[in-house]
Amino acid sequence: MTRVLLLAMLDTMFPGDAGQPPLPAASEAGLELRTLERLAEPVIAAVADRDAFLMAAPADRVAQLRIAELNAPEAFKALLAEALATYYEAPPVVAALGWRTAPPQPHGHDVAPDDDAIWPMLDKVKARGERWRA
Amino acid sequence: MATGEQIKFGPVDVAIVGSGLGGAAFARRLASRAPRLRVLCLERGDWLDRANLPAQQADWQRLALGAWATSPNLRLKAGGNALSADYPIDDSDSDFKPLMWNGVGGSTVNWAAHFPRLHPSDFRTRTLDGVGDDWPISYFDLEPYYDLNDEAFGVSGLAGDPAYPAKKSRRMPPLPLGRMGAKAAQAFDELGWHWWPVDAAINTVAEGTRAACNHCGPCQQGCATGAKSSTDLTYWPRAIASGVELRTRCVVQEIVVEGGVATGIRYRDGAGRDCWQPASTVVVAGNGIGTARLLLASGIQSPALGRNLMFHPAAYVRGMFAEELDGPVGPVGCAVYSHEFYETDAARGFKRGIHLQVTRENPLLIQASRLEPAWGTEAQRLLREEFRHSMAVLVMAEDLPELHNRVTLTKETAADGLPSVRIEYALSRESRRALDFGMARAEEMLRAAGAHRIVRVPLAPYTGWHLLGTARMGSDPATSVTDANGRLHAVPNVIVADGSLFPTVGACNPGSTIGALALKLADALVGAAA
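Chain order of the listed sequences is A and B. Using our numbering, the first residue of the first sequence is number 1, and each one after it goes up by one. Using our numbering, the first residue of the second sequence is number 1, and each one after it goes up by one.
Worth flagging that the hints you see were computed from the coordinates, not collected in a lab. Using N, Cα and C, we set each Cβ at its ideal position, and we do this for glycine too. Worth double-checking, as some hints may not be accurate.
Chain B side only, calculated, beta carbon under 8 Å to chain A, not exhaustive [claimed, not checked]:
no.	residue
1	W60
2	L63
3	A67
4	P120
5	S169
6	A182
7	C216
8	A224
9	G226
10	W375
11	Q380
Here are the simulated DSSO-like cross-link-like pairs (lysine-lysine), alpha carbons at most 30 Å apart as the crow flies [what the hints assert, rightly or not]:
no.	chain 1	residue 1	chain 2	residue 2
12	A	K124	B	K168
13	B	K77	A	K126
14	A	K124	B	K351
15	B	K411	A	K126
16	A	K126	B	K167
17	B	K77	B	K411
18	A	K124	B	K167
19	B	K168	A	K77
Produce the complete structure using the sequences and hints provided.
Quick look at the structure:
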């Protein structure tokens, strides 16, 4: 039950989209759920009617989850922080947003070389003269 | 917890507290100018392990929000970082949250390495604009030391900026502007405003064992390649080779003062032992909070000590663009800046000025964590729109000294053995006006660059890097803590050598000035001893 409710909550938080490429919903992103299950328990306890939550349409789930957030703010904050990290580090999510899952090092990133037209623009800045006061 | 008898060390000529920019520059200069002096530095944290930094790990963004956060309070909340000997700071009554690193290199380990100088007018705000206080030294007194400090750090940039007196050629070419910087440059140009590529203490060319920057992004979690300058890479290897001793994991508890003269330092070593280090001169360089804390804990009496705490009030304006920009690619604090509005113009309704800096954007998780709303369909729509399509402009205003902004001790004792510390800081109306003016100008630039949506962040609490003013220089012991050579009025053989000394702070990053000032103070000590 906890896992089913957790996934329903996560899908409410991270429903995904149909963009290009599509952003997967949380339940489709292959998330590791163990830590989230532990953190979700007090939030699940704050959901007034769990069966109704599972049966509800997405918009109603949002409303019910907002009430749970108000009723258990610290627990919700902890769950949200972990859920954000778990979801936005998941490879399918990262890839859908056009980023890479490999760490920043050792390869770093490429930056396009500066356009030759950029630096002559500084001549105008220089032409205005000194801008400092002594 | 101290155990057993006190360990007593042989005397040194100079004992420095803190290995960050001020302490390192001071140590290196002393070692080169007066090699016969016995110089010791006590550092509360440890050396960085560059083989195991967050940038090499897949979960680096989590680490950046936790054990490698820029805030010591956040690091402690996440369980602490073994290399940074952090102490909690009660910042509940402060508009800005202090950021720092408490290990070898100090906050140069996790700074952005944006390396501007103050302007000449920043040293004369009372004379020129009737606000703040004049420094007891001028820009031109400091200029040769700026050059020395630049040489040690290896600045990348471009000489010729008319916002400053002429500077020597920068040793390396500027960091690439990227799509974001180029777009900003074009907008500044269109508006006819000043802009210039930043001076950065970051290698754009490999030098020795240090690589050229490969634009990986997370500068503020330590630089894995060593491209970003920090004192553990610049001043310390040379200082140690010259005979300076650097003892790590030594938490200074007290500067012992007898009859108005400091006799040495009592500290707790890594094994928890109580140690006694006699010293003829004590130099304190623990930043505007750590220095004030230690001096207050040592019973130093000085009316201005701990007062006049200054940050640089900061706000952000972010613009969203249809086209793809760089996002988090590249050094975090570096692209271009504008000092179009740096000098006072009374018509603006406030004295002094603002610094506009186009900075790199957040990585994915961190950007997602800062959205409002934080979850749901709208949050994901916003993230789609913003990630790699946004440009951030940092608006930084000059802070002015105010007595009620201060560092104090509490009655509790912290885990490190020192009294717990608290800061009180309220943004002034003057600073608010300056930030509002700056945000309007930043928005103007972003619109000119083609932004289709603008988000203002009127106050950015987690920008409290610049901890300044709490042991200010001056001639009057009633209103200043040290003289022009950094010597405490109350205990002249104690010298402060960090940003605590700043009587005023300008509107741009202080690192370059802290280093230059420490070099100058070291020369003054050598001159006095000669």
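Taking the hints in turn, this is what the structure says about them:
Hint on B/W60 holds. Least Cβ distance to chain A is approximately 6 Å, under the 8 Å limit. The interface hint given for B/L63 is violated, since its Cβ lies 10 Å from the closest Cβ of chain A, which is over the 8 Å cut-off. At about 13 Å, the closest approach between the beta carbon of B/A67 and any beta carbon in chain A exceeds 8 Å, and the interface hint on this residue is violated. Nearest Cβ of chain A to the Cβ of B/P120: about 4 Å, under the 8 Å cut. The hint holds.
Below 8 Å, beta-carbon pairs count as interface contacts, and B/S169 has none with chain A, the closest being about 15 Å; its hint is therefore violated. Proximity of B/A182 to chain A holds as hinted, the smallest CB-CB distance being about 6 Å (cut-off 8 Å). At a threshold of 8 Å, the smallest CB-CB gap from B/C216 to chain A is about 4 Å, leaving the interface hint in force. This hint holds: B/A224 has a C-beta 5 Å from the nearest C-beta of chain A, less than the 8 Å allowed.
Hint status for B/G226 relative to chain A: violated, with the closest Cβ pair at about 11 Å, above 8 Å. The beta carbon of B/W375 is positioned within 8 Å of a beta carbon in chain A (closest approach about 4 Å), and the interface hint is therefore held. Interface restraint check for B/Q380: the shortest CB-CB distance to chain A comes to about 6 Å, inside 8 Å, so the restraint holds. Between the alpha carbons of A/K124 and B/K168 the distance comes to roughly 21 Å, so the proposed pair stays at or under 30 Å and holds.
Restraint check for B/K77 and A/K126: the C-alpha separation of about 48 Å exceeds 30 Å, so the hint is violated. Taken as a hint, the A/K124 and B/K351 pair is honoured in the structure, with Cα atoms around 27 Å apart against an allowance of 30 Å. Under the criterion of a C-alpha separation no larger than 30 Å, the hint pairing B/K411 with A/K126 is inconsistent with the structure, at around 55 Å. For the hint linking A/K126 to B/K167, the alpha-carbon distance of about 14 Å falls within 30 Å, and the restraint holds.
Proposed proximity of B/K77 and B/K411 is supported: the alpha carbons are some 22 Å apart, at most 30 Å. Under the criterion of a C-alpha separation no larger than 30 Å, the hint pairing A/K124 with B/K167 is consistent with the structure, at around 19 Å. Restraint check for B/K168 and A/K77: the C-alpha separation of about 51 Å exceeds 30 Å, so the hint is violated.
Of the numbered hints listed earlier, those contradicted by the structure are 2, 3, 5, 9, 13, 15 and 19.
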